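> What follows is each chain in one-letter form.
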Amino acid sequence: MFRIRRFGGRTPAPAGPLPETPDGHAVPAIRAVGVRKNYPGVEAVRGLDLTVAQGEMFGFLGPNGCGKTTTIAMMCTLARPTAGRIEIAGHDTCTAPGRVRRRLGLVFQETTLDLELTAEENLRFHADLYALPRATLAGRIEEMLSLAGLTDRRDRPVRTFSGGMRRRLEIARGLLHRPSVLFLDEPTLGLDPQARADIWEHLREVRRREDTTLFLTTHYLDEAEQCDRIAIIDHGRIVTQGSPEELKSVVGADLVELRTGDDAAAARDLRDRFGLDPAVGAGGVAVRAPDGARLVPRLCAGLDVPVYAVTVTRPTLDDVFLHHTGHRIREEPTPASATLTELAGDRS
Amino acid sequence: MTSIVAPSDRGAVGDERDRSSTFGAELRAGRMVWWREMLHFLRDPARTAVSLFQPLIFLFILGVGLSRLYAQAGADPGAGADYLVFLFPGVLVMAAQVPAVSVGASIVWDRQSGFLREMLVAPVRRSTLLIGKCLGGATVATCTGTVVLLCCGLVGVPYRFGLSLLLLAELGLASLVMTALGALVAVTIRRIQTFNIVLGVLMTPLLFLSGAVFPVAAMPTWMVPVALVNPLTYTIDAMRRTIAHYTEDGVALADPVAWGTWHPPVLLELGLAVGFSVVLLALAARRFARID
Numbered sequence: 001m002f003r004i005r006r007f008g009g010r011t012p013a014p015a016g017p018l019p020e021t022p023d024g025h026a027v028p029a030i031r032a033v034g035v036r037k038n039y040p041g042v043e044a045v046r047g048l049d050l051t052v053a054q055g056e057m058f059g060f061l062g063p064n065g066c067g068k069t070t071t072i073a074m075m076c077t078l079a080r081p082t083a084g085r086i087e088i089a090g091h092d093t094c095t096a097p098g099r100v101r102r103r104l105g106l107v108f109q110e111t112t113l114d115l116e117l118t119a120e121e122n123l124r125f126h127a128d129l130y131a132l133p134r135a136t137l138a139g140r141i142e143e144m145l146s147l148a149g150l151t152d153r154r155d156r157p158v159r160t161f162s163g164g165m166r167r168r169l170e171i172a173r174g175l176l177h178r179p180s181v182l183f184l185d186e187p188t189l190g191l192d193p194q195a196r197a198d199i200w201e202h203l204r205e206v207r208r209r210e211d212t213t214l215f216l217t218t219h220y221l222d223e224a225e226q227c228d229r230i231a232i233i234d235h236g237r238i239v240t241q242g243s244p245e246e247l248k249s250v251v252g253a254d255l256v257e258l259r260t261g262d263d264a265a266a267a268r269d270l271r272d273r274f275g276l277d278p279a280v281g282a283g284g285v286a287v288r289a290p291d292g293a294r295l296v297p298r299l300c301a302g303l304d305v306p307v308y309a310v311t312v313t314r315p316t317l318d319d320v321f322l323h324h325t326g327h328r329i330r331e332e333p334t335p336a337s338a339t340l341t342e343l344a345g346d347r348s
Numbered sequence: 349m350t351s352i353v354a355p356s357d358r359g360a361v362g363d364e365r366d367r368s369s370t371f372g373a374e375l376r377a378g379r380m381v382w383w384r385e386m387l388h389f390l391r392d393p394a395r396t397a398v399s400l401f402q403p404l405i406f407l408f409i410l411g412v413g414l415s416r417l418y419a420q421a422g423a424d425p426g427a428g429a430d431y432l433v434f435l436f437p438g439v440l441v442m443a444a445q446v447p448a449v450s451v452g453a454s455i456v457w458d459r460q461s462g463f464l465r466e467m468l469v470a471p472v473r474r475s476t477l478l479i480g481k482c483l484g485g486a487t488v489a490t491c492t493g494t495v496v497l498l499c500c501g502l503v504g505v506p507y508r509f510g511l512s513l514l515l516l517a518e519l520g521l522a523s524l525v526m527t528a529l530g531a532l533v534a535v536t537i538r539r540i541q542t543f544n545i546v547l548g549v550l551m552t553p554l555l556f557l558s559g560a561v562f563p564v565a566a567m568p569t570w571m572v573p574v575a576l577v578n579p580l581t582y583t584i585d586a587m588r589r590t591i592a593h594y595t596e597d598g599v600a601l602a603d604p605v606a607w608g609t610w611h612p613p614v615l616l617e618l619g620l621a622v623g624f625s626v627v628l629l630a631l632a633a634r635r636f637a638r639i640d
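Sequence order for the protein chains is L and G.
The first sequence runs 1 to 348 under our numbering.
The second sequence runs 349 to 640 under our numbering.
Derived by calculation from the structure, the hints in this document are not laboratory data.
Only a predicted model underlies this, so the values are computations on that prediction, with no experimental measurement involved.
Check before you lean on any hint, since a few could be wrong.
Here are a few chain G residues that sit away from chain L, every Cβ distance over 12 angstroms (derived from the structure) [said to hold, decoys possible]:
1) Ala377
2) Met380
3) Arg384
4) Ala470
5) Cys499
6) Leu514
7) Pro568
8) Trp570
9) Met571
10) Thr595
11) Trp607
12) Leu615
13) Leu616
Derived coverage of chain L by chain G (criterion: at least 3 residues anywhere in the stretch with Cβ under 8 angstroms from a Cβ of chain G; other residues may be distant) [said to hold, decoys possible]:
14) 75-88
15) 119-129
16) 282-291
Glycine included, C-beta positions come from ideal geometry on N, C-alpha and C.
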């Protein structure tokens, strides 16, 4: 029975779209088919299909309370889907949770380090939980401490670490057992901008050095921008997915804003000569155009009024989000949002 | 050719390891969970010192006071000293009670702080985690109780190697029972405030109804059945009978626990305590292993 299941996992499923597996036999790092999760009175996830290829950096973007955390909890075997199926590196989360756990690393929203233990003890604890081979363990711990930039603090209790250091240690711990997928639930939540930038630098370094798929949730648009592919989730459904560029090109037009000597005349020219639909506001003339940067020289040459300044704004992921959901993503986290901790056991 | 064979081989080896991820790995994980409890204990001697305060006050203030009362009431002037010997096993258990029960608190706390999840997503059985944690707590509790055990000469319990060893083992068993009880409450009640209240309400009667302070034989009839289903009754009785075995004229007041007219032998009493621990641990593990 086990053989059949594994064979089934290796063969690309004929139904699901698998564009990221060109060689035809690579098992996707994550494959979710028709996943639903109901809590009493709440449909947290309502039919989610997702494929993430090995080695990808995949961003899961959505406002708080949209089902991101519930989805991760199901992928990590901390919650059971009400319906549907999730495979991590070809292993089903419900029928082979042990295999799945061995292949995934997790970095939660809030710290799960033991603050009383030292950096190295935290890593050793993890190694014993995952039964890592003792022969190569010291080297691997060394490697991870150096990746986290904590080699000289290995014997310090974690409670003396800054937020950024803790997060780096946590990421290093998540990677210690060489998981196929590293899940990061809001990896930069609660960090100051400098520490956030450091964490992202760190994640890029992780990608260079470790052959791991990164799956991260975020509600920061600028962070989602840095992923290979993103999925936008709202009300428990994926509304769209693709590379940030693809998603933005769907929304299409750039925003071109002009400050001119005579805004009204400029607007008339834009309408008559360029066939555009400008809007005149206090700040000047604004117009949507498919390729704004190419339009600028033609505008400058084609308008009769003097042009003082032109700005071209590419569509942002927020525009993409608005386009697909009809509302904007909230930038600030709300304290009422559920966390993985709560899902793992009713934190109060 | 090797390049063709290698990937499938690696897969096979990986899966082999998955399948054999059995006893050795569980043992290693459990041992680490146990060791973590020990590390916390060793790094926080102040907590141990404070938790010893209450039992020592109990023994040397309340105990001494009660023994004088007892001596005045009784005819025999030596009876007062006997009461301290009688009280001693109860104080041992009391010293172990705080650290044993705090294992439950630490499960609730680990849940609150998030560390529990680091353990829950690991490829380890949840029962292994729970048992490691409880054995850790029982070890810490036994070590704490040992400090009181070292004072035994002060109340007239003789220093004998065999006696100390037996009392230590019985203390360990009592610690395990209390740890398992704390763990069961902890996995059932997840709010730390409620947990503290429930445990506080549970622990004091458990001690008073165990024959720790006054003998079961002196209890009114309605109280006796409660004492007889209390596992601590049997561990304390076993300790008292062990002490009696090593002293010349036995321990005053220490009529062994009786079922009707029959006194269960010490080994049966200890067996009962083991059984209680196993049942409590099994219940806690089952509850702990539940996934939403």
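> Which of the numbered hints are not met once you compare them with the structure shown?
1, 2, 3, 4 and 16
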